[in-house]
Amino acid sequence: MILEGGRWLVFLSFLLAMIISVMRLPNFLPDWLVYIDPDWVIMVLFYWVIQAPERVGLIVAWLIGFLMDVMLGDPIGLNGACFVGVTFFGWTLYERIRMFSSMQQGAVLFGLLFVVGLVKATVVHFIQGLEWSLIFLGTATITVLLWFPVSRILQILTTRYVGE
Amino acid sequence: MFLRESTAGYLSIALTILSVILISLEANSRFLDTFRSTVSTIAYPILALAETPYLLSVGTTEILASRASLTKENKILKDRLSKAEYITQQVNVLSRENYRLRALLGSKSRLSTEVLVSELMFVGQTPQRFEVLIDKGSDNGIREGQAVIDADGLYGQVIETSPISSRVLQLIDVRHAVPVEVVRTGIRAIAAGTGNFEYLELENLSVNADIRQGDLLVTSGLGGRFPAGYPVGMVEAVNFDRTKAYISVTVKPSAKLNQGRYVLVVFQEDD
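These protein sequence lines are chains A and B, in that order.
Just so you know, we're using the numbering used here here: the first sequence kicks off at 185 and counts up by one.
Just so you know, we're using the numbering used here here: the second sequence kicks off at 2 and counts up by one.
In case anyone wonders, no lab produced these hints; they're calculated from the structure.
Be aware that a few hints might be false.
[Said to hold, decoys possible] Some chain A residues close to chain B (C-beta under 7 Å, calculated; not the full set): (1) Gly190; (2) Trp192; (3) Val206; (4) Pro237; (5) Leu251.
Bear in mind that the values here come from a model prediction, so they are computed numbers and not experimental data.
The beta-carbon is built from N, C-alpha and C at its ideal position, and this holds for glycine as well.
Given only the sequences and the hints, what does the whole structure look like? Please build it.
Listed below in structure tokens is the structure:
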């Protein structure tokens, strides 16, 4: 699948993912929702790098990482390195992963998020002095659970508005 | 195709190494401060968009509020205002008297302080990181290290500024500590964050320190970062453990750290 005019959809989905990652919840929603904190950007990045690897560049992924670093307060370069890792992994294996069932893709995503979470928690622990914790396991689980509907929606949008 | 894949490998490695260099550069120097503030200016529109659902929900609640509840709120606010005005009058008289007495004693008068009201923009969402973003930045004269308070007490300090916004570390973050003193006895201590909204901890207080439940703690002003005399919290529990050299004291912060939209950035006037 080569996306001819799909750039805008890729761009929009990344923008939306970034906005949702830092969104402040409306005041009628309960406070504990703060703890459900999926990694939207990696989810979207994984989708596009599998479905349309020619639309996702390493350098752009790295630069998006800077924006995330600044918005989330991470050390500069950390998110970029993680995005580069995910993109390269996807580029190398996208033909195989695209053939996987949704479940298997979810499992691959979980593995990626596990490694990314481990790296992030460790770096943040040593650089910023935050406590090392296993919260990233929760993040990975929730992201994978949301991966199923989100990938489906992106697929529908792609076929409807961009064409194969 | 093969060419592209092989260059991708090198590029990935190069970018990762560059990231590692950036991370260690930032950890050990201040070279990247301007870069960070530039990038956060670029990220500002995204943060502003991310804020809209919350602002919309607040707006709707305000529109849907009933007349009766508004009248009631208005009455409560008027009551509080008149009480506050009464206290302000007394404070004015007392501070003038204090100034004269200090002048008589020949000691330096306290630094006068000014505050800047700012609105919270983005509240850091990870359960470990207690940071908020406020809508005033270096264009308004905010500098790194300034104290931030809310209506009830000390809120945190500014850790990063960009021209249009600044990041505030709340005092409950594990990376935060503030020098305090007990109003009743004058004992000095350090109140450190615990990563929990409910309490702070006092570090290294010896077993015979005179401190009890209900004591009010204020900033001591030692260290020069925080102005003296702002309430920090109330002692909630004092636990003795015979096997330890220090007592463990938990303090409930006075500031409302997870509610409210406005905070005050404190400007200290240097002489």
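Status of each hint after checking the structure:
At a threshold of 7 Å, the smallest CB-CB gap from A:Gly190 to chain B is about 19 Å, leaving the interface hint violated. About 17 Å separates the beta-carbon of A:Trp192 from the nearest beta-carbon of chain B, more than 7 Å, and the hint is not met. Hint status for A:Val206: holds, given a least beta-carbon distance of 5 Å to chain B, under 7 Å. A hinted interface residue such as A:Pro237 counts as satisfied when its beta carbon comes closer than 7 Å to some beta carbon of chain B; here the least separation is about 10 Å, so the hint is violated.
At its closest, the beta carbon of A:Leu251 sits 5 Å from a beta carbon of chain B; the interface hint therefore holds under the 7 Å criterion.
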